[in-house]
Structures are given as C-alpha cells and as structure tokens.
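Trainee: Here are the chains, one letter per residue:
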Amino acid sequence: MINSVRNTVLSILNKNNYGYISPSDFNLFAKQAQLDIFDDYFYQYNQLINQENARISGTGYADVAKGYEEVIDLFSMTNTLTQSALNQYFLPSISTTGDDYYLINKVLCSSGGVLLGEAEKVSNSKINLLNSSHLTSPNANFPAYTLQGGLITIFPSSFNGATDIEAQYIRYPKAPNWTYINVVNGDPAFNQSAADFQDFELSPDDETSLVFKILQYAGMSIRELQAAQFGAEQEQMEEQNEN
Amino acid sequence: MAYLSQYQYYDNAGASPNNANWGSYQYVSLKDVVTNFELMYYGNHSLINNEPRYKILFHTKRGIQELNYDAFKEIKALELKVYDSLTFTLPDDYVNWVRVSLYKDGYLRPLTENIQVNSAEAYLQSSTGTLSFNADGTVVTAPSTLDTQRVSGEQKSIYLNKNNAYNNQVGISADNPDGRKDYNIGARYGLNTETANFNPTFRIDKKAGVINFDSTMANEQCVLEYISDGMEGGDDANISVNKLFEEYLYAYVTYAMLNGKFGVQEYIINRARKNKSSLLRNAKIRISNIHPGRLLMNLRGENKWIK
Chain A
907 MINSVRNTVL SILNKNNYGY ISPSDFNLFA KQAQLDIFDD YFYQYNQLIN QENARISGTG
967 YADVAKGYEE VIDLFSMTNT LTQSALNQYF LPSISTTGDD YYLINKVLCS SGGVLLGEAE
1027 KVSNSKINLL NSSHLTSPNA NFPAYTLQGG LITIFPSSFN GATDIEAQYI RYPKAPNWTY
1087 INVVNGDPAF NQSAADFQDF ELSPDDETSL VFKILQYAGM SIRELQAAQF GAEQEQMEEQ
1147 NEN
Chain B
4 MAYLSQYQYY DNAGASPNNA NWGSYQYVSL KDVVTNFELM YYGNHSLINN EPRYKILFHT
64 KRGIQELNYD AFKEIKALEL KVYDSLTFTL PDDYVNWVRV SLYKDGYLRP LTENIQVNSA
124 EAYLQSSTGT LSFNADGTVV TAPSTLDTQR VSGEQKSIYL NKNNAYNNQV GISADNPDGR
184 KDYNIGARYG LNTETANFNP TFRIDKKAGV INFDSTMANE QCVLEYISDG MEGGDDANIS
244 VNKLFEEYLY AYVTYAMLNG KFGVQEYIIN RARKNKSSLL RNAKIRISNI HPGRLLMNLR
304 GENKWIK
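Quick note, the sequences are listed as chains A and B, same order.
Count along the first sequence from 1, then add 906; that gives the number in our numbering.
Count along the second sequence from 1, then add 3; that gives the number in our numbering.
Be aware that a few hints might be false.
[To be verified] No farther apart than 30 Å at their CA atoms in a straight line, the calculated lysine-lysine pairs in the DSSO-like style are these:
| # | chain 1 | residue 1 | chain 2 | residue 2 |
| --- | --- | --- | --- | --- |
| 1 | A | LYS972 | B | LYS209 |
| 2 | A | LYS1032 | B | LYS264 |
| 3 | B | LYS58 | A | LYS1012 |
| 4 | B | LYS34 | A | LYS1012 |
| 5 | A | LYS1080 | A | LYS937 |
| 6 | B | LYS34 | B | LYS277 |
| 7 | A | LYS1027 | B | LYS34 |
| 8 | A | LYS1027 | A | LYS972 |
| 9 | B | LYS58 | B | LYS264 |
| 10 | A | LYS1032 | B | LYS79 |
| 11 | A | LYS1027 | B | LYS58 |
| 12 | B | LYS264 | A | LYS1012 |
| 13 | B | LYS34 | A | LYS972 |
| 14 | B | LYS264 | A | LYS1027 |
Note that these hints are calculated values from the structure, not bench results.
What you are looking at is a predicted structure, and each value in this text was computed from that prediction instead of being measured.
Construct all of the structure, not just a fragment, from the sequences and the given hints.
Mentor: Here is the structure:
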C-alpha cells in the first residue's frame, strides 16, 4: 500500500508542479499521518458507541463500530511483562516486549501458571484508600494495578513471580518505510524486498485518508498552501461522508 | 466456572476433605456474581458504565452482608464449655446472636437474656471516694463487685434459678416455719413471667466481645446460635450467595451504583429500586420454604382438645 500512497501523493503534487518530496520526507510524513489516523480510530469508535446508545446506528453490515473494533484488534498484543522488582513490572516497550503500547487493555495475574484474576487499573490517588478498605482491598481474586513512570505495580504484592503478569495491550503501528534502490539520473525505484521495508499497517480503506494527510504535511513542507488546503478539504469531505 | 462432575461433587475428585463440595450447587460465588454483572449489566450499552470494578465488588459484598443479616437464615452454631470465669468469647465472625442455649442431660435449653446488667467496669477508689490515676492520665481500674460476686456465686438473681434469694421457691406457705414453699409445685399467683425461668441467664457485652453468664452456668456446655455477615474472614474465594438471591443481588448492585451516581434521572433510580425490592420479596418467599406438608402438621393442632 505504501508505494501506491506515495505514487498518488507525488502524482497530485507534480500535477500542478507544486514540487517533489524526497523518500526520507515522505517516510516522515507517512509516519505522522499513520499515527494521526490510528489515534482517530479510538475517537471514531467512541463516537459510534454513542450513536449506538442513541439508537442511530444499525446492526449487521451497518455495524460500523464492529469494523473499528476489528481494525484496532489488529494491533492487539498479549505478552508477559518483564519483572523489575518484586511486584513491579516494566510496561510494554521496544526493549522488553518488542513494541511500544498505546493503551493497556487488560492485565492478567497468575500464580504458578494458574490464572487467578484480571487486575483492575486504579489511580495513584485511590490505591491507598483501596488497600486500606476491608471490603475492596485487592486480593488474588480481584487484583489491582497502578502505573508510574514506565512501571506497573501489582496489588497484592503476592504476585511477584517472573512470569506472573501478562498484559493485553494495543501497540503503536510500526513506522512505515518506503525503501528504494538509487537509480542514476532518475527517480528512486521502489524496493519492497529491502530488509528495513515496512508497509502501512492500517487497513486498505484508509489509503485515501493517508494520501490526504500526507498531502497536508507535504504542502506545508514545500510551502504550498494550496496543496495543504486541498488535502484538508478532501479529508473533511471524507469525514462528512462517513458521518 | 465450569460445573462439577459428580466425582468432584461427591468425593472432591479424590482430594481431601472429600466433603468440600457438598451442597455447593446451592451457591454462586462472589467472583461469579461480579463477573456476571460486568458481562451483563455493565458496559457501553448498559445503564452502568465507566465505573471501576471495585465499586461493583463493594456493592456486591454489601448486598451479601445485608442478606446475611436477615434474609438468608444461615445461622451458625458454636458449642463451647463455660468455665469458672463464666464468659463465652464471641466467635470471630459474630455479628449478632439468635439464641444462647445450655446443653445438659441431652436437652438443649434456651437461655433467657438477663434484663439486669451483670458486668461493669470499676474505678479504684480511696476511703474518701477519690480516684487514682496512671502516669498516662487514665484512671486506675479494679474488678467490680458486680463481677466478682457474680463469678463467686454471691450475686442473687431475680430469675427463678439457683441464685434466687428464696431458693427458687417464691410464695408463702402457711405450714412452713420460714414462710417459704419447699417445692416447686402448685399455682403461683402474681408471678413475674418475665423473670420466671429456671435456667442460667446471660448478658452479652458487645464491646468486650464476651457473653457473661451467672454462676449457675459454670462448667456447663453452651451453644451459641448466631449470624455472621458472610465475608468468610476476608477470603473472597469462599464468599458465596444462595442462588435464590442471585437475581436480587444484580438488581441491588445496579440500584446502588445508579443511586450513587451523579446525573442519573430519578425515574431510572426508582425503577431500579422497585426492581430490587420486588426481587428481594420473591427470594424471601422462596427461601422460607412454605410447604403444604409443613402447614398441615401445624394446622393439625387446631383439633387438639384443651382442658
């Protein structure tokens, strides 16, 4: 998909002789555009849930929220968290689980390989109150966790084994990388088999959104207001159609 | 949670104790209640969302506690021997008592709660009545006469038991030089029925966590029937609720959470309140086990001849 997006962007820019964007610039814009759209999934999903609650959304093929769920689930990961000290564990990161997390969806607590309960996130302002409550203090059946820095702290502290804590989370999409072979006296040729090649991870129906987003960044970059405005207008029209 | 096989139920799958699962089918565990609530009554399309799980857990436990106080009829019983100190320490999960009995000669005799105080704190006093104080400013205490005489058997009782002032024989007899009846027979006119009981008496000191008996209870077996709050010593894994109350519990948690949330319309709260109230009534009727056979046994008494 990345080559198709790049060709479309270049085609629109070159059509009016606005200019040319280099592969490295394109990769930067592509990464930013992908993050924008990825972030927007969650807001769109929330909006659709509100529509469902207001009974202005359908089921079956009209169940658009389901589509968003599926797209978001493409980025779902489940990994054992690396222990830092006792009941503290590192949050998912490139160095521990191999990917950065966008949000933690579920934290599962086990002991001796037996799943005991799903931990609930508690704010740092509430955790002391929760721990001092007879009725609701975290225990093996109803554990809790807090986040601080890059660490997650599990309560009760009896969960302190190296493989006791597993997290299901949504990771960030990998940064797209349009790779190429240098061609003398000509345009760089697309090389899909390069080791560092990375396509967009968004679903194919987001291709137009990617194009418009990248056009906006490219238009700003080459100081062509019209290109940026064109991208913004097109994106706005697309959003209106979706709603 | 999966259903138990018959082998697991009857024999705990060979593990010890083998009776661990007997009767368990009557109950649904706390974890199941919370999980089912989260699945069925909580979420994006439900009345309740965006609330932490600990609130659901809190209201579920509170609901179970309330049910234990009056609806469940799950009465625990503890038998202990009362020694010379004449005290019976309340069980660790005690909330309120139902009945205190003396088990003697093969009979369970329900005891009467003494209407008079039978234990007190006392301050050490000088001959002029002044008090003494410890270095930390607290008053020096001493065993009360009320307690020491109760334990020694010197305290008299207004009840018709062995500690009664008239040897349990209240009434005038013309042919007795002491003017007292010798036998516990015949009509007793003007008897105070409130204190007309032969058995030992007791009084519960809630703050001290003990039952204080009179001296006639020394070295006797006492059976305390009491209710708890169902919290099983804080072990959530053992907390359960009778299935007859399961639906009520979901309704109660729904009501409690809506009632405590800002901005919920009053008609929604009222609907939830009525729902939980009617479900509680239904569950109470179900658990009361009013069977025609039992009614029949009681109604047979209406044809009994009374002299």
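Trainee: Each hint should be assessed against the structure and marked as holding or not.
Mentor: Consistency of the hints with the structure:
With a C-alpha separation of about 58 Å, the suggested pair A:LYS972 and B:LYS209 falls outside the 30 Å cut-off, and the hint is violated. Between A:LYS1032 and B:LYS264, the direct Cα distance comes to roughly 18 Å. Compliance with the 30 Å bound is thereby established for this hinted pair. Proximity of B:LYS58 to A:LYS1012 is assessed by CA-CA distance (about 18 Å); at most 30 Å being required, the pair is judged to hold. Between B:LYS34 and A:LYS1012, the direct Cα distance comes to roughly 17 Å. Compliance with the 30 Å bound is thereby established for this hinted pair.
The suggested pairing of A:LYS1080 with A:LYS937 holds, with an alpha-carbon distance near 8 Å, which does not exceed 30 Å. The straight-line distance between the Cα atoms of B:LYS34 and B:LYS277 is roughly 26 Å, inside the 30 Å bound, and the hint therefore holds. Taking the CA atoms of A:LYS1027 and B:LYS34, the gap is about 18 Å. The hint holds against a cut of 30 Å. Restraint check for A:LYS1027 and A:LYS972: the C-alpha separation of about 25 Å stays at or below 30 Å, so the hint holds.
The hinted pair formed by B:LYS58 and B:LYS264 meets the criterion: a straight-line CA distance of about 11 Å does not exceed 30 Å. For the hint pairing A:LYS1032 with B:LYS79, the CA-to-CA distance comes to about 36 Å; that exceeds 30 Å, so the pair is violated. As the CA atoms of A:LYS1027 and B:LYS58 are separated by approximately 13 Å, the hinted pair is consistent with the 30 Å bound. The straight-line distance between the Cα atoms of B:LYS264 and A:LYS1012 is roughly 25 Å, inside the 30 Å bound, and the hint therefore holds.
Simply put, B:LYS34 and A:LYS972 have alpha-carbon atoms about 29 Å apart, close enough for the 30 Å limit, and the pair holds. For the given pair, B:LYS264 sits about 20 Å from A:LYS1027 by alpha-carbon distance, which is consistent with the 30 Å threshold.
Checked against the numbered hints given earlier, this structure breaks hints 1, 10; the rest are met.
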